[in-house]
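Spelled out, the chains give:
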Amino acid sequence: MLRHRQLPVHSLQSSIIIIIVISPRTADTSSLGLLIGIIITTMVVYAVLILNKAGGLIYQRDFNPGLQKLSSNDYLILAGTFHGVHAITSQISPTNETSSSGLEVLESENFVMRCFQTLTGTKFLIFAEPRQQNLDVVVRRVYELYADYVMKNPFYQIEMPIRSEGFDRHLTSYIKPHQ
Amino acid sequence: MSSTSRARLGEEVWKLRTDKINAELVTLTYGSVVAQLCKDLDGDYAEVNKQLDKMGYNIGLRLIEDFLAKSNMQQKCANFRDTADVISKVGFKMFLNITPTIANWSSDNKQFSLLFDENPLADFVELPDDGKAQSELWYSNMLCGVIRGALEMVQMSVDAHFVSDVLRGNDTTEMRINLIRYIEDEMPQDDE
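Protein sequence lines correspond, in order, to chains A and B.
One gets our numbering by counting positions in the first sequence from 1 and adding 967 to each.
One gets our numbering by counting positions in the second sequence from 1 and adding 6 to each.
If you're looking for bench data, these hints aren't it; they were derived computationally from the structure.
Computed from a predicted model, the values in this text were never measured in an experiment.
Please note that the accuracy of each hint is not assured.
Stated by the list, open to error - With a Cα cut of at most 30 Å, we get these calculated DSSO-like pairs of lysine-lysine:
1) B/56 / A/1119
2) B/56 / B/116
3) A/1119 / B/138
Excised from the complex, chain A in its bound form (with noise of 0.2 Å):
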């Protein structure tokens, strides 16, 4: 297991990320080893949207300007025919294999598509720039802000809407950091 840290550098219209690598093994030793990765993204992320296991959209907000706005019916709409796509997507794997994760990439022109499907059945969609890097780190990490703030919240009802300030907050503090 891998920590990662993050120090995000906000420059013009991308910013640089140094993710320093420590090792546990050697961190635990006198001898110290430390991995230096620079790799140079731009964080520019669209939209999240989560869908609940039976396909209904239960989060949906903007990061950056650069999609359309839909009506939140539309949004529903969306949501769902995603829904009913990956599903298919997951049932004619072309492979030997007997199950399929389904539709993860979905690239454009304009924008690129990650999908994340917990084992629970939740959907994670990050919409992004196409140039974005790395966002199966930052789908992710998404996941891990929604089990703690999301699902540790006693009150939040499972697979209902999610109106959390504080998930809010964190998820706009990881992908916006700079603003």
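Based on these hints, arrange chain B on the given structure of chain A.
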């Protein structure tokens, strides 16, 4: 994922990714919940067991997400034996820092026992001497509910119950887990 790498995963999550709190606080909090239930329900221990299981179930429904997010498990378990291994080596390790022993598999691989050598919930506990508690109360019954709720969220319907407890004077603390079925359709679950 092999059994030893699961043990390592559990160890790593426990060491690096889990916030720790004082164990006594947990023990005392759990103890006061059970004691209060016994009082409120007038020593109806069957009902106490049921309420503890229900509370655990609601915890399990939520805890599973934390478990999946922190352990970074993305592969479904291939079979129920794998599931048992993950519960013991990763699940119990990261939340309670214990690794119960898996034993007594049934021949169809659908039932197994977890043997608790140590149980952080039951430190300092002596069951009341009213002639009933020793034979009726399952003090740590919340754990059964947690497992039931958590597995239900990952499409497994199970029954979990204690069959022995050192608090009752038994030699071991043993929980029996029985796979009822895999849930095929993904319907939303009701919160109890």
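For each hint, the structure was consulted:
| no. | hint | in the structure |
| --- | --- | --- |
| 1 | B/56 / A/1119 | holds (22 Å) |
| 2 | B/56 / B/116 | holds (23 Å) |
| 3 | A/1119 / B/138 | violated (35 Å) |
Consistency note: the structure conflicts with earlier hint 3 alone.
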